[in-house]
Amino acid sequence: MNIRRVLIANRGEIAVRINRACRALGVSTVQVYSAADRDSLAVRLADQAIEIGPPPAAKSYLRSDLIIAAARSSGADAVHPGYGFLAENGDFADAVVAAGLTFIGPSGDAIRLLGDKVAARQVAAAAGVPTVPGSVARLIDVEAGLALAEKIGYPVMIKAAAGGGGRGIRVVHNEEEFARQFPQAAAEATAAFGDGGLYVEKLIASARHIEVQILGDGQRYVHCFERECSLQRRRQKVWEEAPAFHLDAQVRAAMCTAAVKLAAQVAYKGAGTVEFLYDSTTENFYFIEVNTRIQVEHPVTEMITGLDLVAEMIRIAGGARLSIEQDDVVITGHAIECRINAENPARNFMPAPGTITRLVVPAGADVRFDSMLYEGYTVPPFYDSLLGKLIVHGPDRAACLARMAEVLSGLVIEGLATTIPLHCALAADEAVASGTIDTRFLEDWLVRGLLAAQNP
Amino acid sequence: MSKHQVLSPLPGTFYRRSAPDAPLFKEDGAAVAMGDVLGLVEVMKNFQELTSEFAGRSITFLVEDGETIDSDQVVAEIEV
Chain A
19 MNIRRVLIAN
29 RGEIAVRINR
39 ACRALGVSTV
49 QVYSAADRDS
59 LAVRLADQAI
69 EIGPPPAAKS
79 YLRSDLIIAA
89 ARSSGADAVH
99 PGYGFLAENG
109 DFADAVVAAG
119 LTFIGPSGDA
129 IRLLGDKVAA
139 RQVAAAAGVP
149 TVPGSVARLI
159 DVEAGLALAE
169 KIGYPVMIKA
179 AAGGGGRGIR
189 VVHNEEEFAR
199 QFPQAAAEAT
209 AAFGDGGLYV
219 EKLIASARHI
229 EVQILGDGQR
239 YVHCFERECS
249 LQRRRQKVWE
259 EAPAFHLDAQ
269 VRAAMCTAAV
279 KLAAQVAYKG
289 AGTVEFLYDS
299 TTENFYFIEV
309 NTRIQVEHPV
319 TEMITGLDLV
329 AEMIRIAGGA
339 RLSIEQDDVV
349 ITGHAIECRI
359 NAENPARNFM
369 PAPGTITRLV
379 VPAGADVRFD
389 SMLYEGYTVP
399 PFYDSLLGKL
409 IVHGPDRAAC
419 LARMAEVLSG
429 LVIEGLATTI
439 PLHCALAADE
449 AVASGTIDTR
459 FLEDWLVRGL
469 LAAQNP
Chain B
3 MSKHQVLSPL
13 PGTFYRRSAP
23 DAPLFKEDGA
33 AVAMGDVLGL
43 VEVMKNFQEL
53 TSEFAGRSIT
63 FLVEDGETID
73 SDQVVAEIEV
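In the order they appear, the protein sequences are chains A and B. Start counting at 1 in the first sequence, then tack on 18, and there's your number in the working numbering. Start counting at 1 in the second sequence, then tack on 2, and there's your number in the working numbering.
Rather than coming from a laboratory, the hints here were simulated on the basis of the structure. Beta carbons are placed, not taken as given, at the ideal position from N, Cα and C, and that holds for glycine. Each hint should be verified, as a subset may be incorrect.
Calculated pairs, DSSO-like style, for lysine-lysine (alpha carbon to alpha carbon, straight line, at most 30 Å) [as the list claims (entries may be wrong)]: (1) K5(B) to K77(A); (2) K279(A) to K220(A); (3) K77(A) to K47(B); (4) K169(A) to K220(A).
Chain A residues, not near chain B, derived (Cβ > 10 Å throughout) [as the list claims (entries may be wrong)]: (5) L80; (6) L131; (7) A381.
Derived contacts from chain B toward chain A, CB cut-off under 10 Å, selection only [said to hold, decoys possible]: (8) P13; (9) R19; (10) A21; (11) P25; (12) V39; (13) V43; (14) E44; (15) V45; (16) N48; (17) T70.
Just chain A, same shape as in the assembly (with noise of 0.2 Å):
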């Protein structure tokens, strides 16, 4: 492994996390940071940290430029991109490395082609992964679009190819529908993303979201499970376990498999997770989309299999093979991970920055807590509102279950609203419990909370 000094170009808590991944390699680390973020954790922890700009992003974490020289001048041979941001921004991982540094995850080149969202399409039926039924190729106007909406059959979904992590998508019911929508989807995604490319899928009505953990060295290829991540509100994430509720292992070493091919179609390397949906009525499931990158919701992985991740992911990036065979990745136990975000579950989830007066988080072996927080730190309005993860473990589902009930109750966070009330009430949760639960399980379970509320 020839990385000595990894800049980290990220914040919060995978910034934090990076940071520990590189202590246990003997690896040091450089921060760089908004004028926002003086105080974070990630600041404090950094062997250096070089302020690169003010608090907005476009000014501060999505500079490339400031970002490559700030590497430079600190003697950084490496840049880890965590999530969001740059991470799976192709031409920045090109720039890292023109630049003479290292780049910790996948080539440009593999960023490029997974993140349009239509080539990785083709890239998982090309490696026989099934995929849901859609569009082969973007959708030249309308009338295409009419016609392959019409062979599948509606609800169909239409989404932005550049699209993805939730954003881009709308759901269409019929013919008339699909012609309104169409042209502003377009519109949008031209905005959103500076790519108008469209494309369509046919809606899978009650699905599961489960999602494989790869690992590739650009040689060798392995996966470390699956993650179920169903619960999500506006198509983000709250809840994720591992392994997955309900699920046949014969369909779970298929998923597992359909994975790895899909990695060895493009010379994977590093880490990144292949999203499926799935239908638990028929067993099937369907490729959604790769995210190059680490997830927020690696650490269940990582409580189950006892792997470093984001070790790995910079040791492959140092040029070392995978350090595993694919018997080497076990289950042990179950894990749970609630996102603890700044948002007002009473609010219908208004952000709630501001500083934290007071925080206990109950501690364990079992118990880990991935955060930016410590008292007196002010939460800053300019980022999303992850504050941290809570991860619990135990030797079963459902033992996990009342584990996580237990600490959730025990983790205190004042100063500013969080989401922790939401995830006291799903841990307590009867469907969640029995693991009858679907993507749109958790707004419809909002939506009846707040009429019981409404009619006592």
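We have chain A already, so just place chain B on it with the hints.
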């Protein structure tokens, strides 16, 4: 002649237009009706509309488009 102060309930970034190429929600000096959209506050990647709780004959903005604001900061004054 009295003035009402318009306070932002949230910290974040204040915008006077819905998109970089869109017209201003309200020009300086324009009349304001109750419920008119005065601006957007971007907080944690969410955009919250700031609507007027007052009616008045003329509004004066005290912050620029795209400026960082604190919660309870006065962003505009409305003359009634």
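Against which earlier hints does the structure fall short, listed by number upward?
-> 1, 9, 11, 12
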